[in-house]
Amino acid sequence: MNSTAPPQGDIDDFRLSVESWLDENQPVLAPGYQGTGTLDEQMAQLAKVKRLAYGAGFMRMGWPERVGGLGGSSLMRAYLGEALTTRGLVEPGLYSMTEVLAPTMIDYASPELAAAMVPALLRGDETWCQGFSEPGSGSNLGSLSCRAVRTEEGWRVTGQKVWTSLAQYAQRCVLLTRTGTPESAHRGITALFADMDTPGITVRPIRTMHGVEEFCEVFFDDVAVPFARTLGEVGGGWSVAMDLLPYERSTSLWHRAAYLQRRLQGLLDAAPAGAIDPARLGEVTQLLYSFRARSRATQHRMANGEHLGPETSIDKVLLATAEQAVFDLVADTLTAEVTLGDDPDSERWRTEFLYSRAASIYGGSIEIQRNIIARRLLDLGNDR
Amino acid sequence: MDSEAHALFERSLRNAVKDHSGQALDAALEELGWSGAMAIEPRAAISILFRLQGENNVSSSALGQVVLFGLGPSDKPVMGVVLPAMGEWDPPGTMDGHGLAVNGLAPAALRAQESAIVVASTERGTRAVEVPTTSLTFERVRGIDPNIDFVRVSAADIGTFTDLGPTAPDWSSAVALARLALAHELVGSCRTMLELAREHALGRVQFDRPISSFQAIRHRLADTLVAIEMADAMIDAAWLDGTPDSAAMAKAVAGRQARTAARHCQQVLAGIGFTTEHPLHLSVKRTLVLDGLFGSAVPLTRALGEEMVRAAQLPPLLPL
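Each protein sequence line maps, in turn, to chains P and L. Counted from 1, the first sequence has number 181 at position 181 by this note's numbering; the numbering is strictly sequential. For this note's numbering, count along the second sequence from 1 and bump the result up by 1000.
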């Protein structure tokens, strides 16, 4: 993506205008529910906030003009998401899908396709999902088997995806398919952009341990996808995936840091006198602030046009460590609320504690991140 | 300094720390004009030198120079300073009606100076005083890491000294800068431990494979790199942020992560890393001493948490 760092003054101006816009529009931007709300409510809230922020121009800043953006540094995107998260206006995990999928479309879709599709995502008109994992291909993504067959009219896709976040809400899906032989491994993968209302797609939500139907199984039964919806080269889907994954570990992690700092402050506000162990509180804060410092540096590297790569695996390990440490402290401080409380605040703490268990699993497990660090950053060679 | 001057400066320092330690390194740094460079660009001068000291496991009197610089401008010619005792960050001196008492540490080179600066807590706040070194008692410290070449400095009732005036709040600036320097030195030590363990893992063959191919080994080394990068990120943020609280956080994180790095690297190096025939033990011991100087990770972390509980507030955040 074309983005160069603006003078710091521009970011400061942007920060001030975002903050004053958020102050002025607080009543209309605020969610209409208590606590976490249902996933339906959160999705409606997300669409509302994105639509209003797009209308005010903020949701377009930092995105290229050719996809409906207003240009400028990607730091503005990082800041907008931080501000929305800090004020509790969006759930950062849901908001982050934009930061992961829009850059991929900008980098790999044909210019016409990107120009036609990305604005609807930024504006909150559409939800997109990411069809990567399969029942037989989790950590070993390169073994995926959801098959796309070339016909005269276009691709026909048959297979199954799983852990597809928000598929039940999504209008579109960035989909990895097997177009080579079953043995072609990472060389025979092609990325497609599918419409979720195409006949042959069935979505079955899965209920997680934190009580949310956040992700789904998605079944493809001879689903038509036009050739014009191919992202990148045929057989080049592995690069699409490898370039997408660092986006999962950059701006969206900065937003996650903002969320964790908000919740840690919430713990300080909610904890009865003497309930928090200061030594642990200090350590958790250091973990969070170090993670945040790392993520901040990544934001600045990205804004300076640097290509993000395997070093973002370190950011992901730090996020998982910090997030689980924050909510372990929550569980040990607000034990009665987390275990037995039925009021909205307690339910929220419980949901968030449970969700934090997934931080070391989603987006490439911590073990996969360590494998990447060992091979790519420490140059330890093959692991067999 | 532009980037070329920066690279040249780093190269000169790299050569200096490669061949010298202790008083020889002090002389080399003086020749290079290191403390002058610190006055102009403190972050560059401190970060480069202390990382290199850590990487090469050498010592110098530069930490004292950092403290003096943190105390603010002085028209005195460069002289030594007494550092707080192990684990402490309060000024090493106390003054009451009877005179000045001192309990601190210093590089052995301080003995050769004519006088030393002692920062002291008094009823009138924190003050800096200049004392003749002949009125101080020096006792060689061996301890876990004799190579660091420290002396314990003490005195009971010094009546003759020159009062240089109040230092507060400069003492907290001096402590913050010293902590950043030590954090860089800890990270430098950790990078050397990681490199030693990495080389060993690539070369050591068991079960007909280099042990670097075993996931248990790879993950320990990966976690070591994560620990190091985490500390480095916190140190960078502390420089940008510029507050004593951030510097304390950086020092605490570096100290704790050094323990993590030492544990993983020691385990990967296994038997050979437990002997004095391999250099790992030098870095393991050095990081313990560095962690203790100006407050180790445990008390700094607890102090942070206690302050947060008291204020019911997170510390200020460095903005994007």
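Bear in mind the hints are in silico, worked out from the structure with no lab data behind them. None of these values were measured; they are calculated from a predicted model. Don't take every hint at face value.
Beta-carbon label-pair distances, calculated as ranges [to be verified]:
1. 309/P <-> 1279/L: 31 to 41 Å
2. 273/P <-> 1216/L: 36 to 46 Å
3. 1242/L <-> 16/P: 46 to 56 Å
4. 1245/L <-> 195/P: 44 to 54 Å
5. 309/P <-> 1162/L: 51 to 61 Å
6. 309/P <-> 1216/L: 19 to 29 Å
7. 1216/L <-> 143/P: 52 to 62 Å
8. 150/P <-> 1272/L: 33 to 43 Å
9. 116/P <-> 1313/L: 17 to 27 Å
10. 16/P <-> 1159/L: 55 to 65 Å
11. 1202/L <-> 208/P: 54 to 64 Å
12. 66/P <-> 1205/L: 48 to 58 Å
13. 1008/L <-> 300/P: 17 to 27 Å
14. 1003/L <-> 197/P: 36 to 46 Å
Covered stretches of chain P, as calculated for chain L (at least 3 residues, CB under 8 Å) [stated by the list, open to error]:
15. 69-82
16. 167-181
17. 187-197
18. 314-326
19. 340-350
Beyond 10 Å from chain P on every Cβ pair, some chain L residues (computed) [stated by the list, open to error]:
20. 1113
21. 1115
22. 1130
23. 1156
24. 1201
25. 1213
26. 1219
27. 1231
28. 1305
29. 1319
Glycine included, C-beta positions come from ideal geometry on N, C-alpha and C.
Hint by hint, which ones does this structure get wrong, listed from lowest number up? 3, 7, 8, 9, 11, 14, 16, 17, 19, 24, 25, 26, 27, 28 and 29
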